[in-house]
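Residue numbers (numbering that gives the first Met the number 0), protein chains in the order written: chain U, 0 to 312; chain P, 0 to 317; chain A, 0 to 261.
Please note that the accuracy of each hint is not assured.
Partial selection, computed: residues in chain A whose CB lies under 8 Å from chain P [claimed, not checked]: (1) 40; (2) 92; (3) 98; (4) 118; (5) 122; (6) 123; (7) 231; (8) 235; (9) 238; (10) 239; (11) 240.
Stretch by stretch, here's where chain A covers chain P in the computed footprint (C-beta under 8 Å, at least three residues) [unchecked claim]: (12) 132 to 140; (13) 172 to 181.
Some chain P residues judged to face chain A by a derived CB distance under 8 Å, without partners named [to be verified]: (14) 148; (15) 149; (16) 184; (17) 195; (18) 196; (19) 198; (20) 199; (21) 206.
Hints are computed from structural coordinates only; laboratory data are not their basis. Idealized CB from N, CA, C, for every residue including glycine.
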Amino acid sequence: MRYRAVAMGLAAAVALVLVGGVGGVAQATVNGLTSGAIFALGAVGLSLVYGSLRLINFAHGDFLTFGAYAAFLANVTLGLPLVTAALVALAATGLVSVGMELGMWRPMRARGAGALQLILMAIGLAFVVRYSIAFVAGPQPRRLEVDVTSSYGFLGGLRIGQTELWVTLIAFAVLAGVVVLLRSSRLGKQMRALSDDLDLAETTGVDTGRVILVIWAFAGVLAGLAGVLYASALGSFDPNVGFIILLSLFAAVILGGMGSAYGALLGGLTIGLVQEWSTLLIDGRWKLVIGFAVLVVVLTLRPEGFFGSRRRV
Amino acid sequence: MTTLAVSLSAFGRPEFWIGVGILVAIYAILTLGLQLNIGYTGIYNFGQVGFMAIGAYAMAILVVEAGWSFWLALPGATLVAVAFAVLLGLPTLRLRTHYFAIATIAFAEIVRYVAQNADGLTGGSQGMLGFEITWQTIAASLQDQLGLAPQLSLVPLLIVAWVTLAVLFAVLLALGRSPWGRMLRAVREDEDAVRALGKNAYAYKLQSFAVAGAVGAVSGYLLALYLSFLSPEAFLASVTFISFAMLIVGGLGSFPGVVLGAVIVQVVLEGTRYLQLPLTDFQVASLRYILIGLILILVMALRPQGILGRREEMVLGG
Amino acid sequence: MAEGPILTVEDVYVRFGGVHAVDGAGFQVQRGSVTALIGPNGAGKTTLFKVLTGFQRSERGHVIYDGARVTRRGPHAIAARGMVRTFQLTKTLAALTVLENMLIAAQRHPGERLTTVFARPRAWRRRESEACAQALELLDTFGLADKAGDHAGTPSGGQRKLLELARALMVEPRLLLLDEPMAGVNPSLGRRLLEHMERLRVEQGVTFLFIEHDMEVVMNHSDRVIVMADGRVIADGEPQAVRADRRVIDAYLGTRREEPAA
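With the sequences and hints as input, model every part of the structure.
Rendered as structure tokens:
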């Protein structure tokens with residue numbers, strides 16, 4: 000299986016270069032790394048929550064939106080510098096995420112709520128978050144105070160916007176931090192253990208309640224960050240911004256294997272890259288369909304994902 | 000936001016309530032299919048609006064682009080919807096419930112996306128016109144026969160919509176009570192037990208999905224005729240979730256509950272018109288979606304069986 | 000009438016992770032016989048049942064039922080051919096009534112086909128009343144007739160066990176694989192069960208293969224005993240002979256040498 004995939008990948012790479020030229024492929028790769036890193040940030044939390052709680056948090060995309068708007072509130076309305084505003088947004092999103100666990104998910108689990116109940120509640124939460132933001136902020140596109148005009152050229156012909164460069168660097172730095180956290184810290188290992196097998200983790204004496212809260216906080220903060228970064232990179236955003244990329248996030252999570260944080264990370268990068276590369280072959284407006292298509296294809300061929308562990312389907 | 004509530008400004012007049020009545024019927028039909036899938040078979044079809052869109056667009060394309068007669072286009076488009084259901088269901092119905100749910104959402108979004116971007120076929124965001132000519136003739140003659148005043152021009156559609164609902168309701172109720180329906184309920188409980196008794200659980204799931212697709216397509220035609228103009232905006236994912244709100248308010252497992260739920264939720268949504276607060280149109284529309292979200296959360300938290308459902312029906316595992 | 004053993008099992012091999020749940024099992028079951036499958040816990044008996052009925056894949060080997068290879072067939076195809084199993088943990092469908100649990104087992108029911116539900120109402124209503132009558136008769140045999148209209152979650156554990164058996168019998172099986180049929184069933188009902196099994200065997204030639212821990216049942220009510228341990232068949236013969244077999248005694252007392260890790 001692996002060899003076939005590599006062979007197909009090489010064939011696709013050759014096709015891309017033939018169609019778009021080395022420069023085109025390189026530029027698309029640069030763009031893909033930016034969006035891929037953001038997807039990765041969004042997908043990690045989604046995957047950890049699913050792995051430990053078997054809950055597909057349909058409201059996750061709207062946490063991204065929440066992060067973007069919280070940053071807007073702090074930055075534009077309240078006039079705080081962007082970095083501070085971003086930190087405020089992260090804290091706010093993390094708090095809301097934890098609040099939802101304590102106020103909604105935990106009590107429902109305690110009452111033995113079934114999967115359908117939880118899914119519908121997540122969708123309901125998504126609506127409430129998204130449209131409350133819309134209600135308050137209105138439909139007009141908003142912008143954070145970022146520089147959207149200057150850009151850097153490098154490596155002869157490649158360009159990246161100044162903001163996009165920052166976004167990419169921050170995203171990768173945080174991703175690296177996430178990997179270190181998950182790999183080496185005790186909390187990180189516990190999160191991974193829970194996400195892998197909740198019952199087993201319980202028997203090993205881990206305080207699952209506490210770790211679950213940490214997972215929600217973690218997911219919320221990363222979603223908020225992804226929202227702020229995405230809003231910055233896009234330039235302008237509206238209340239639908241998070242929902243629009245939610246399916247790409249699902250694609251990333253499934254590609255990587257539900258419940259595997261590392262898988263989600265790699266999945267996010269892959270989806271981002273594949274979406275950008277696809278613009279060399281087909282019109283750019285079909286970019287999002289690529290994400291959906293990958294999702295359907297992966298579900299059909301290998302539902303347990305490519306980077307995660309083998310069971311669970 | 001046209002498909003969420005009737006957008007006529009003068010809501011005191013009869014045309015307004017006729018519009019509400021038509022929307023209730025359309026949503027009820029859409030939700031009947033959802034009930035068959037969720038309440039009876041236990042398959043989490045979150046892409047029902049996709050079948051609505053396929054039905055509507057296939058019908059319009061057949062009439063406008065391919066020049067088919069309206070009467071042939073209706074069954075033709077139903078077959079197209081069923082074909083999509085089978086194509087989608089074949090690989091995805093063997094997946095776990097969660098994965099199937101995501102796959103169906105992705106499907107509905109892909110359908111909408113294609114409708115939005117395949118300008119040549121579907122008119123893109125500009126939409127499609129001109130498929131309702133045959134219908135207009137029928138409606139006009141009905142209007143004459145019933146001696147209706149000109150402003151009640153939507154009454155023929157109201158009648159057709161409710162007659163269709165009644166027919167489909169009777170059909171699905173009969174199916175639900177039949178041995179086939181019993182097998183669906185058994186599949187929902189425990190697929191392996193069903194297989195151990197010599198029955199093909201997968202085939203039942205596929206059939207249920209196909210029927211829901213067909214029913215969704217019918218609601219699509221009615222919506223197309225109501226709007227007279229097809230645009231991808233009419234088929235947002237939120238339509239499926241409004242349908243879910245109606246489903247759970249009425250109660251899982253109850254077809255009469257579907258109609259009840261459709262009426263209640265639609266009335267609640269229309270009730271937002273009566274708010275005397277200084278809100279913009281956009282805010283009122285946002286408020287409607289917030290209400291839908293709250294309905295979903297509160298019903299699932301406080302009374303998951305809805306009005307006519309039973310508590311045992313809600314024990315749906317993962 | 001068909002010849003030869005009704006079931007031939009050869010070289011079945013199932014591995015979970017590093018553990019061999021079934022490690023090269025093989026045996027034959029003759030038509031109209033009552034065979035007991037015994038062995039210590041973890042011997043692979045239930046896993047073997049899963050392989051026989053198509054719920055689990057064997058890495059190699061084959062299963063021949065009634066002259067036809069069923070090794071890679073799906074579970075519903077195998078059950079429809081007449082090899083039916085019951086489950087150790089009963090799979091009664093709680094949301095359906097007891098009677099409905101029985102009715103879903105009726106084979107060749109036109110009412111269950113989407114194409115004929117509306118097209119041929121008379122045909123399926125006839126089959127439905129036939130199936131109802133058959134179901135009520137079976138329920139009566141097992142003392143469950145008065146519970147026909149109750150939801151299947153309400154009867155006691157032992158009664159649900161009987162329901163599961165009655166339901167399997169509705170399929171009109173030729174080879175019945177019973178997974179611990181006596182567990183949780185009170186002695187008098189258990190006796191009825193055994194009497195009914197004997198009647199089926201004599202009158203209709205139904206073959207039985209059952210997993211059981213109750214040695215009284217095994218010794219007194221089976222023609223042959225197959226013993227499994229560590230995924231293999233270690234003894235296969237008449238009850239008295241098997242009981243005296245050294246290897247069987249060792250397996251149960253656990254005085255074997257240590258198995259090297261797989």
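We went through each hint and held it up to the structure:
1. Because the beta carbon of residue 40 of chain A sits about 22 Å from the nearest beta carbon in chain P, more than 8 Å, this interface hint is broken.
2. A least Cβ separation of about 4 Å between residue 92 of chain A and chain P falls short of the 8 Å threshold, and the interface hint therefore holds.
3. A least Cβ separation of about 10 Å between residue 98 of chain A and chain P goes past the 8 Å threshold, and the interface hint is therefore violated.
4. Given hint, residue 118 of chain A at the interface with chain P, is violated; its Cβ is 12 Å from that chain's nearest Cβ, farther than 8 Å.
5. With 8 Å as the threshold, the beta carbon of residue 122 of chain A stays out of range of chain P, its nearest partner Cβ sitting at about 12 Å, so the hint is violated.
6. Of the supplied interface hints, the one on residue 123 of chain A holds, with its beta-carbon coming within about 7 Å of a beta-carbon of chain P, less than 8 Å.
7. With a least beta-carbon distance of about 26 Å to chain P, the hint placing residue 231 of chain A at the interface is violated under the 8 Å criterion.
8. Interface restraint check for residue 235 of chain A: the shortest CB-CB distance to chain P comes to about 26 Å, outside 8 Å, so the restraint is violated.
9. Annotation: interface hint on residue 238 of chain A violated; nearest CB of chain P at approximately 28 Å, more than 8 Å.
10. The beta carbon of residue 239 of chain A comes no nearer than 33 Å to any beta carbon in chain P, farther than 8 Å, and the hint placing it at the interface is violated.
11. For residue 240 of chain A, the interface hint is violated, since its Cβ never comes within 8 Å of a Cβ in chain P; the closest pair sits about 33 Å apart.
12. Under the rule that three or more residues need a Cβ within less than 8 Å of chain A, the assignment of the region 132 to 140 of chain P is violated, with 0 such residues.
13. Evaluation of the coverage hint for the region 172 to 181 of chain P: fulfilled, as 6 residues show C-beta separations to chain A shorter than 8 Å, against a requirement of three.
14. The interface hint given for residue 148 of chain P is violated, since its Cβ lies 40 Å from the closest Cβ of chain A, which is over the 8 Å cut-off.
15. Among the interface hints, the one on residue 149 of chain P is violated; its C-beta lies about 41 Å from the nearest C-beta in chain A, farther than the 8 Å criterion.
16. Given the 8 Å rule on beta carbons, the hint for residue 184 of chain P holds: about 6 Å separates it from the nearest Cβ of chain A.
17. The beta carbon of residue 195 of chain P is positioned within 8 Å of a beta carbon in chain A (closest approach about 6 Å), and the interface hint is therefore held.
18. At its closest, the beta carbon of residue 196 of chain P sits 5 Å from a beta carbon of chain A; the interface hint therefore holds under the 8 Å criterion.
19. Given the 8 Å rule on beta carbons, the hint for residue 198 of chain P holds: about 6 Å separates it from the nearest Cβ of chain A.
20. Because the smallest distance between the Cβ of residue 199 of chain P and any Cβ of chain A comes to about 5 Å, under 8 Å, the interface hint for this residue holds.
21. Proximity of residue 206 of chain P to chain A holds as hinted, the smallest CB-CB distance being about 5 Å (cut-off 8 Å).
Checked against the numbered hints listed earlier, the structure breaks hints 1, 3, 4, 5, 7, 8, 9, 10, 11, 12, 14, 15; every other hint is satisfied.
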